[in-house]
Amino acid sequence: MNWLRKLASHRRVPVFPVLGMQGDEALRHLALSPDIELVDSPRHASVLLVAGEIPADRFESLRRVHDQLPSSFTTLWFRCEPSPHLESVTHIDDLDALPAALVTAYRELMEGRRESSPRILPDKPPNPWEGEGDFGQGGEGMMGGVPYGRPMAMNMEDDIRDGLTLDSLTFRLGPFFFAFPPGMAAEITLQGDLVQTWKTQLVAYPQSLDSVFFIARERPVPIAELELARARHHLHRLYRGLHLAGLESASLSALRLAQNLSTTSTLEGLRRYLSRSGFFRLAAIKGGVLGPDQARKLGGPAARAAGLDEDLRSGDAGYRRLGFSPVCQTGGDTCARWRQVLAEIDQSLQLARQAERDDVSTSEVDRIETPRGPWAEQRPEDASALLDEILPGQEWGDALATIASLDVAAVVESPLGTQTAGESPITNPLDKGVAGLSG
Amino acid sequence: MNLEELVLPVLMVFFMLAAGAYTVAVLDRVIAGALGTPQAGSVWIAPLARGAWLMTQHANATEAPDWRAWRLAPALYLSLAAIGLAVVPWSGSLVATDLATSVVLWGSVEALATVVIFLHGWSANTLFALIGGYRYVALGLSYILISMFVLIGVALPAESLQFTQVVASQGELWNLIRQPLGLPLFLIVGLGMTFWGPLNLADSADLAGGTAAEISGPPRLVWDVARAAMLVAFSGVATSAFLGGWLGPWLPGPLWVVIKMLAVLLVLLLLGRLLPRLAPERCVTLMWVVLLPLSFIDLVWAGVGALL
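Those sequence lines, one after another, are chains A and P.
Start counting at 1 in the first sequence, then tack on 929, and there's your number in the numbering used here.
Start counting at 1 in the second sequence, then tack on 163, and there's your number in the numbering used here.
Just so you know, these hints were derived from the structure itself, not from any lab.
Each residue gets a CB set at the ideal place from its N, CA and C atoms; glycine is no exception.
Be aware that a few hints might be false.
Per the computed footprint, the stretches of chain A lying under chain P, defined by three or more beta-carbons under 8 Å from a beta-carbon of chain P, are [to be verified]:
#1 992-1004
#2 1116-1127
#3 1218-1225
If we strip away everything but chain P, and leave its shape as in the complex, we get (with noise of 0.2 Å):
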């Protein structure tokens, strides 16, 4: 029983965490060194020889720093990416948590990131790293917006807010091509939510790394699990969402979540390296002008389709 409900889904959730961050990291690499960024050494040994030089670093202090939030914050982000990763199910029966409400929890995580990354902004109490946090939450509330919009829009024909259930209903046709305008938002909001590529605008270049300008040591490296963990469990998400899930021919269904999480991963990535990133204020008009109408659509869409 314990086994079972307990000790298994968080082993689960562990090996995802930290498989999950790998991945990207390696995939990034490839990615970088494919569009001509110089490598050095292997992409498989880099990852992690990155993560010994972050251990063996020291944490240092700012002038005046709110210490428990500042430590507290990559610890709780890290949090947020494993409670998403719990809820993206493998297959009908492997999955960690399979909550009737798995879709609202998704919901809440999106929105508690964005108080945890005010809060890694403010906490620091230098200058890039607060306008970092401004910036997420000048902007989070239109990605969580759209993202629940989306997400409502495969809750109607699945007529359930659980992901088992939401993937079960793409047996016939899944809500990639049901829904059109579903993915590509989901997609373009998951790149703000996780402050990846050109909607890096909490930690970007112009900010000397924003929220993370002034940490180092392991609390940087929780930090950075933290973030490429957010992103495979965006992916996972977009996986039980749109593509199918474990739905598939031929491979055991697990497997099936990989390869389409993997595919999720890549193109999220690519846009990350290929695209600069996007003024805020444009990114202001992008998301409330364009895309949460877009959304509104997607939305009117998906509830004529259930009707019909």
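The shape of chain A in the complex, shown without the other chains (with noise of 0.2 Å):
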């Protein structure tokens, strides 16, 4: 069997990221690398890679997704500590030297050289078996019990949908799944593929901005650089919501724009190809529609897109300099927030290249356009709890469309140390190069 693993060890390393506070710089950075195929189940994965740290009330989730990937497999913490049970597995600091990392890690595990990591958990369910009957058939009218814990799937109480009687089915998703934003988890009842009710449990991190964004809020910033950041942000949310589309190649075509950023980059190439490809016509974005208030509290793009005419910029005199005024849809839906991304990213670009040709920058410090949305008194919070509202009525697909569409992660009070302008990350010297492994 040597051969068979000497072969298998030449494949691209299969990674599930579980991503902790700042982990999606790591997912951005590993998505472009040839050598590495992120995949979405943890079954479909060799390496575990805890990506960014991971808030103690997390952690009982990640050991049971760590337990979920298949033997054999191996860790790989990037800049965080592994939590109690985990000690022993490697850990890195170093951005760049990630991608190597996980290829040493996983064909050092191919060929006999590192040891499988150990389960966590015991291997039996979590909760006993509770069913009615042998096979849960039993209880009133063939249903009943709640085997292992859940609930079984029973009839409908409200029928939201057609009146096609279909079984409800409660479940918990997250905070590791990949289509949420990182850390956020929800107990979900479905009909069929249908939601019928949504309650977010945990919320998602609140996230780091571009440090343009923290600085501009204490002094004057040249705009370009402040819209090239905007951008970049805006691409990077374009690139979840088309890989959740399907649309691998212009998700990847969005996250290269993204990281080769700079004032002469053109969205048209892009936005051509979704609007050929049929993504706003054909794909899961219908619904997601936000009422006036919704959107007002969301803020941004997101209120933008629901026909508030609402952005912070237009009181800036640096951008009044340059004839700015926000652009606007009118459908508020998740296709009209998509349509208001790109146009948002269009316009930043050409804000950036007007700035950088007159030099200008911005004025207000205390009331800022961030692009998750108004920063002025206080900085953009949490608006995870809009989608126990939207999101019932919705078709799965739908759903998780609706979601990738908004950006509702709140922002963090102040940039982490480790970012700066674009993806680069401010590390100790004594942090670089694969010296930060160990094992």
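Two independent chains are provided; combine them into the complex using the hints.
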């Protein structure tokens, strides 16, 4: 079997990323690496990557995900300290060395030079069998019981569909589900694939914006720099939205554009592709309409996609010099939000070009428009609760697309020391290189 | 006798299963690479390395799955793909099973695929796999209906339900031209039936892999090979039904079949990479409101053509 393992070691490394605080930077870096294949299910991976600090209240979920990887597998921790029970794993801090470290870990595993990670949890159901009858078929009307702690699929109580009676199924998802904002978990009841109820149980981690937005709160900054950072933020969101829609090559194009963004960049190619591929007509991006109050609560591009003409840049003398006026859509749904994101990227690139040419800086420091929304007296706060209101009634695919199109995570109070403009991390010189590896 | 009627056809089907699945894997990687997905190493080795990886990986368990059904479903789907490949004629005489009712047999493969795919999703006893199974069942009937109407259309001029006769009837004019609606309809249905690309709603990304979300190791390898082989079987049927099968000048018949099948595969795989995944509800509407009536028109067209 040795030759089989040797052959297997030549494949792209199948990695399941578990995202902690600020871990999405690693995700984007790996997505463009030819040696790494990011997978959406832990069952499809041989390497578990824990990227970013995991809060203690998510440890239990992490342990469960850890044990879902099929043997043999290994784990690697990036910019975080391994949690209890998982101390003896590889740890790395340097983003540039991460793909090589993953490849090394995988090859060692395949070639038998590294042992498979041990299971942490006992291999038994977390809850006892409490179904009615041998197969859970007992109880009234062939139903009943809570097998393994989960209520059985039952006839729905309220018909929110089309009269077709389907069983309701309640489950918990997150905080490491790839299509949720990192850190978010929810309890969901589905009828078939229609969302009946949605209760957000853990809100997404606060997101760190590019440091230029934090500097802009202290002193005037060049608008060109600010707008490029804004466009980059939106392109990162577009990457996740397009991946979910099944447009892998377009999602990677968005990521590449974000990586190499400059004032000479243009969105035209990507926009044309999205339009020709039928993304706006065929994909599951209908629904998720925000009412005016909901849109205002969320603010930013989502509000403007719902027709609210609100943008703090309008009040900035620097932006007024550039002739800025907010772009808006009218629909307020997922499709309108993606159109808005594209329009805002275009607008940001245009503003950046003008601002660079005329050397224009911001004038306001107390009231800035971040890509997440307005930051005046207080920074944009978490808006996950909105999902509980707008997701019920949507089909599963539409619901996930709605989540991808909404930037609900709060903004951190100050940038974490590991980030600077663009994606280049500030790291302690001592941490550089594969010396960051520890076994 | 045994050699000709049993051993050779079986060897032929096994060869097609392996070669077909490998070809699909290579072609799909080439297309993905051309469209900008980063690729490492050789595209020729990559599918083999992936296969070796799955062979060495453990087949995982879920909480209380229906073990027999769960392990059986990938093998059943592979068997269905093998049956599909067995009815594809390579020349007038070179065909694994030249049944008088091979078109009907292909129809039964499509119908049974619905059962097997649902079984695969349901037996894992997990959420996403189950939803993937539900989705396929919700759409499977529309695929089968459209496919059958279109195939009856090609059986009419041949006055036979045998694929070799269907090919022979295209001596003067391929069905691609004789029934212009047929192949486009059949290709769209093919993407649905093999749940590939824009119509991959059963094993889709929003379900983290759908019916295959919870499988690993050898069962996943069998499932992946079966899906690829089904795509090859489908392209073989499309080649026989619309592109004149082995008919063509200069080259030997089987070579023409290979070229035509590769062309169909290329189109399907390209569509798979270029188009976004359809919303399930829009897919239902597309099938029942647009494509099914079009398949009626195709059938009437074929009937009138056969009468004239």
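Hints, one by one, checked against the model:
no.	hint	verdict
1	992-1004	holds (count 4)
2	1116-1127	holds (count 3)
3	1218-1225	violated (count 0)
In the structure shown, a violation is registered for the earlier hint numbered 3 alone.
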